[in-house]
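Participant: In case you want the letters, here they are:
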Amino acid sequence: METVEQPVKTPPDSTASDGRKGSPSAAVRWAKILLSLGLAAVFLASGGAKILDPAAFQKEILQFQSVSIKPAGLLALYLPWLELFCGVALLTRFRLGATCILAGLMVIFIGAVALAWTRGLDVTCGCFGSADSAAATSYPLWIARNLLILAGLGAFGWLTWKAPARARKTNTA
Amino acid sequence: MLLPAMPVPVRSIAMQIVLLGILAAAAAGLTAVLHPRQPVWEADVLRPGEVRLDMVLELPEVLWVDARTRADFEQDHIPGAVLLNEEEWDTLLFDLFDAFTGNPERPIVVYCDGEQCQRSTKVAERLRAETGFDAIDIFVLKGGWSEWKQWNNR
Chain E
1 METVEQPVKT PPDSTASDGR KGSPSAAVRW AKILLSLGLA AVFLASGGAK
51 ILDPAAFQKE ILQFQSVSIK PAGLLALYLP WLELFCGVAL LTRFRLGATC
101 ILAGLMVIFI GAVALAWTRG LDVTCGCFGS ADSAAATSYP LWIARNLLIL
151 AGLGAFGWLT WKAPARARKT NTA
Chain V
1001 MLLPAMPVPV RSIAMQIVLL GILAAAAAGL TAVLHPRQPV WEADVLRPGE
1051 VRLDMVLELP EVLWVDARTR ADFEQDHIPG AVLLNEEEWD TLLFDLFDAF
1101 TGNPERPIVV YCDGEQCQRS TKVAERLRAE TGFDAIDIFV LKGGWSEWKQ
1151 WNNR
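If you're matching them up, the sequences are chains E and V in order.
No gaps in the numbering here: position 74 of the first sequence is 74 in this note's numbering, and each next residue is one more.
Adding 1000 to a residue's 1-based position in the second sequence gives its number in this note's numbering.
Honestly, the hints are just simulated from the structure, not real lab data.
Just so we're clear, the structure is a prediction, and the values are computed from it rather than from any experiment.
Just so you know, even glycine gets a beta-carbon here, dropped at the ideal spot from N, CA and C.
It is possible that some hints are incorrect.
[Unchecked claim] Partial list, computed: chain E residues near chain V (C-beta under 8 Å): (1) Glu60; (2) Leu62; (3) Gln63; (4) Gln65; (5) Ser66; (6) Val67; (7) Ala76; (8) Ala103; (9) Phe109; (10) Phe128.
[Unchecked claim] Taking CB as the label site, the calculated pair distances span: (11) Leu147/E x Gly1021/V: 42 to 52 Å; (12) Leu37/E x Asp1076/V: 48 to 58 Å; (13) Ser25/E x Ala1014/V: 23 to 33 Å; (14) Thr1091/V x Leu34/E: 36 to 46 Å; (15) Ile108/E x Ala1043/V: 17 to 27 Å; (16) Leu1034/V x Ser25/E: 44 to 54 Å; (17) Phe1097/V x Gly38/E: 40 to 50 Å; (18) Leu37/E x Met1055/V: 18 to 28 Å; (19) Ser68/E x Leu1059/V: 50 to 60 Å.
I would like the entire structure built from these sequences, with the hints used as guidance.
Facilitator: In structure tokens form, the structure reads like this:
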């Protein structure tokens, strides 16, 4: 008897961008969607606001007294675009790479704020361009906010990385 | 091959990181060429709205506005300066108006701690935006209080 090979049906979201297979549960999918949208909004707003005025962002960087004027100028040109592209990439197949970059940036930002705090500098955050820099110095708030974003990135990265593998185990059980 | 020894997912992520970095560098390069609000590359370049102390000293009369904290102001300040910072904006603004009544046409020069503080820029921006001092020149002193002290100690 001739056997007809049936095509294997796979759920639409069964293959991760890096080739790992599996189907995350609905709750995990929703968590990933919400986290990616929220984080993308944060970094699009942050990067976009700074792109509008690189000169002002350079001054914000200089306040931290960690880099001289030329590196501050280069960072003022580069960092906002990196945030913006990573914000967009969180919604694409490049999300894990973007998450790694943004988590690294957040660690650096937290370190810079903590260093300024210990040195007793009177700085403005400038995290969201000129709108944010009008606020008074509040180191605990900035660090808490950055830690929250870092935690969000960690959760998003973990869900994106682990969920397909976990779902695969569940499906085969 | 660029990253031969890594497992596939790690290599994929590394490639994403490199690509995003290159994209941002390209956009930064374009910004450096096309953007009207360029960063400055030399410390002695004046930004829009900034003045050097020697330029201020040539003016017949200015109203100094100290944008530092009250504690710093009370410790020492430029003679005749009026305290105006963002923490106490609503109350201190009246003092500025009082100080202004004597000679309402003199330019305002705002200063804060030094080269890298932002307070003077913010206060100058708010003065321009919120007080209707459109007809008056409002400057930010480059180098701020540090520059003043250095000049005084010569």
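Participant: Next, verify each hint and record whether it holds.
Facilitator: Hint check:
The interface hint given for Glu60/E is met, as the beta carbon of that residue sits about 7 Å from the closest beta carbon of chain V, less than 8 Å. At a threshold of 8 Å, the smallest CB-CB gap from Leu62/E to chain V is about 4 Å, leaving the interface hint in force. For Gln63/E, the shortest C-beta to C-beta distance to chain V is roughly 5 Å, which falls under 8 Å, so the interface hint holds. Given hint, Gln65/E at the interface with chain V, holds; its Cβ is 6 Å from that chain's nearest Cβ, closer than 8 Å.
Annotation: Ser66/E was flagged as interfacial toward chain V, and the flag is violated, the nearest CB pair being 10 Å apart, outside 8 Å. Taken as an interface hint, Val67/E does not check out: its beta carbon lies about 11 Å from the nearest beta carbon of chain V, beyond 8 Å. Interface restraint check: Ala76/E against chain V, minimum CB-CB distance 5 Å, threshold 8 Å, status holds. Evaluation of the Ala103/E hint against chain V yields a violated restraint, the C-beta minimum of about 11 Å exceeding 8 Å.
Using the Cβ-Cβ criterion of 8 Å, the hint placing Phe109/E at the interface with chain V is not satisfied: the shortest such distance is roughly 16 Å. For Phe128/E, the interface hint is violated, since its Cβ never comes within 8 Å of a Cβ in chain V; the closest pair sits about 14 Å apart. At roughly 25 Å, the beta-carbon separation of Leu147/E and Gly1021/V lies outside the given 42 to 52 Å, and the hint is violated. The given range of 48 to 58 Å is respected by Leu37/E and Asp1076/V, whose C-beta atoms sit roughly 51 Å from each other.
Our hint of 23 to 33 Å for Ser25/E and Ala1014/V holds, since their Cβ atoms are close to 29 Å apart. The hint said 36 to 46 Å for the Cβ distance between Thr1091/V and Leu34/E, and at roughly 43 Å that hint holds. Restraint check, Ile108/E to Ala1043/V: a C-beta distance of roughly 24 Å satisfies the suggested window 17 to 27 Å. Here the CB-CB span from Leu1034/V to Ser25/E is close to 47 Å, well matched to the stated 44 to 54 Å.
Between Phe1097/V and Gly38/E the Cβ separation comes to about 44 Å, which falls inside the hinted range of 40 to 50 Å. Here the CB-CB span from Leu37/E to Met1055/V is close to 50 Å, at odds with the stated 18 to 28 Å. Roughly 31 Å separates the CB atoms of Ser68/E and Leu1059/V, a value that falls outside the hinted 50 to 60 Å.
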